[in-house]
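Could you put together the complete structure from these sequences and hints?
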Amino acid sequence: MLKELDVYHQSGNSKIPTIEDALKLISASVRQVILGAKVGPPSYEKGLANDILSIVEKMQCKNCLIWAKSDSLVRDIIKLSSDVAVRR
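Just so you know, numbering that gives the first Met the number 0 puts 39 at position 40 of the sequence shown, and the rest follows in order with no gaps.
Please note that the accuracy of each hint is not assured.
Unchecked claim - In the DSSO-like style, the derived pairs of lysine-lysine whose C-alpha atoms are separated by at most 30 Å in a straight line are:
| no. | residue 1 | residue 2 |
| --- | --- | --- |
| 1 | LYS78 | LYS14 |
| 2 | LYS23 | LYS78 |
| 3 | LYS14 | LYS45 |
| 4 | LYS61 | LYS37 |
| 5 | LYS78 | LYS57 |
| 6 | LYS68 | LYS14 |
| 7 | LYS57 | LYS45 |
| 8 | LYS45 | LYS61 |
| 9 | LYS23 | LYS57 |
| 10 | LYS68 | LYS57 |
| 11 | LYS14 | LYS57 |
| 12 | LYS68 | LYS78 |
| 13 | LYS45 | LYS78 |
Quick caveat, the hints were computed from the structure, so don't treat them as lab data. These figures come from a predicted structure and were not determined experimentally.
In structure tokens:
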């Protein structure tokens with residue numbers, strides 16, 4: 000699987016794989032996908048919970064676990080969706 004993702008890097012256009020690309024490739028073949036959410040200064044956190052959840056829902060990743068050190072990000076994700084597993 001990593002080799003398939005690396006094809007983007009090795010090709011002439013050097014496209015960086017997106018989260019969607021990675022989830023398409025691996026979510027059906029592993030028991031759990033851990034999405035690590037890292038944030039910068041507090042202003043970078045704005046809207047991040049929505050962005051993460053929209054990708055998880057769009058890709059229908061039922062085995063995704065969102066991991067974040069930020070208490071406020073974890074709270075935001077839990078407020079927005081009770082269907083997604085979140086850990087701090």
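Quiz prompt | Hints that the structure is at odds with (numbers, increasing) | solution = 1
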